[in-house]
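Read off the chains here:
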Amino acid sequence: MNVPVTPQVERTSHVLRLQEGGNMAEETKNKNPEIVGFACSFCTFKASEMAGSLRMKYPEGVKLIQVPCSSRVDPAFVIKAIFEGADGAFVAGCHPGDCHFIKGNYFTRRKIAALKEMFDAFSMKEKLKLFWVSAAEARRFVEKVTDMYNEIKERKNEREKA
Amino acid sequence: MKGKKLKPGHIENALNQFLKEEQHLVLGFQKGENGVSHQIFKGSIDHYSLLNPTFGANAALYLRRLFSKGSQVMLMLRPCEIRAYVELHKLTQIEREDIIAVSIDCPGTVSSKEKKDDVPTEVDQLTEYFKNPDSMRWACSVCSEKRGVLGDAGIRIDKAGNFWIIPYTEKGEPLLSLVEGEPEEVPAEMLMGETKKAEKFQVDMATFDKDFEKCIMCMNCRDMCPVCYCIDCVFHGDEYLPKGDALLNKIFRTGSTKMPQGKELFHLIRMYHVSQTCVGCGACEEACPQGIPLTKYFKGISERLQGMFAYMSGRSFDEPIPYITFLEDELKEAED
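Residue numbers (our numbering), protein chains in the order written: chain A, 1166 to 1327; chain B, 690 to 1025.
It should be emphasised that the hints constitute simulated quantities derived from the structure, not laboratory data.
We treat Cβ as the ideally placed atom computed from N, Cα and C, and that holds for glycine.
Hints should not be assumed to be uniformly reliable.
As the list claims (entries may be wrong) - Pairwise CB distance ranges, derived in the manner of DEER restraints:
id : chain 1 : residue 1 : chain 2 : residue 2 : range
1  : B       : P872      : A       : S1288     : 53 to 59 Å
2  : A       : R1304     : B       : F941      : 37 to 43 Å
3  : A       : G1217     : B       : G944      : 27 to 33 Å
Please take these sequences and the hints and turn them into a complete structure.
Put into structure tokens, the structure is as follows:
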């Protein structure tokens, strides 16, 4: 069977390390939110690569996941990301009408709009966003992502203070 | 609209004539010693009952993967069961050709979990008993579609308590011809009218956590849901709900976890997956051993999400399920 074997020693040391530096590590982790982004490989992911090559900076808490099309994103992925620790999630794809697969992002729009409505019913609307970013819009990508990051960070710090 | 007034014994005679053919079946209710239950009749009808005062399960569950070859099945069921059948047809789980669906006006039902001795089994007493919304289970008391106006034919109750059989499609006509009597004009007003819509569902995660505190993740709600039909559910395997080694590895990675873990994951993902097809029958709550108010969440969410696309689950065969279709110019407010 393919069971990953982790030596006992390493586990303990890992736990110890966490306890030693726990305070500092936790503080930075609390202040900096993590955002999971599902990016269409033909548009938004290309835009993020372009942002990289243009030396534009976007927050490092934003973790991008490349998907073949934004409609590949089952809302289950978004729900899983949020309930397993992410502070927010976004789904990003090509502008409506520009889909590489002709009509994929129209389905995305319906699915994510419905998911947003559901998040609204659970009073956590701010955790999910839907962006349209084409491959040429590196600046727009950085702006959108940074805005979302700052918004979530602000809300998180406020909650922490209260 | 033309229909026939049903006198006692008429419907039984008609169904018996229908069952004379070898390949014909009827799915309906039977009166037994310990109450009324679902029954598939073959050959002849005995102890037939039009209405069933206890909910039990949604009978559309038994129809999944029904591709009857040459046989004819007549469904004599509640509106919520016929609506689930319509949704399952749209999800290509049932072939419609060999099914005659007859929806029967439903005065309401009680939960099979509560042992209520005062519930009558006679059809005419039932409408009287369920006049009070508190006497039925919660899902039925908020049900907005108790009228038998779906499927190929309907059985309606008029204000005087008479039963009427009304065909809606060509497939319903033969059933009408089996019933004795001459077609008459049907009264315009029936006992069950249209009911008002409930207000928008709104909760927060704290309430959710409180309500689902008792959940033991037995997944009976998924198994008894008539429209939760995937053979290979996403919760099989270790991706969403890890077990054994996968679970321990995850805990080494992320830290202490309360067990059973993944309640929000399971219920929210399921809530989303059935959002457009949920008929609000309350079979999940009926199946829950812990008495969690599941209908409140599932019905509330599905009403909100169906409202976005002006869709109603099970209303018609011609409306496609919103997630598999689109309009080019819509939902501008959804993008950020």
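Practice prompt. Determine which of the earlier numbered hints do not hold for this structure and return their numbers in increasing order.
Written response: none
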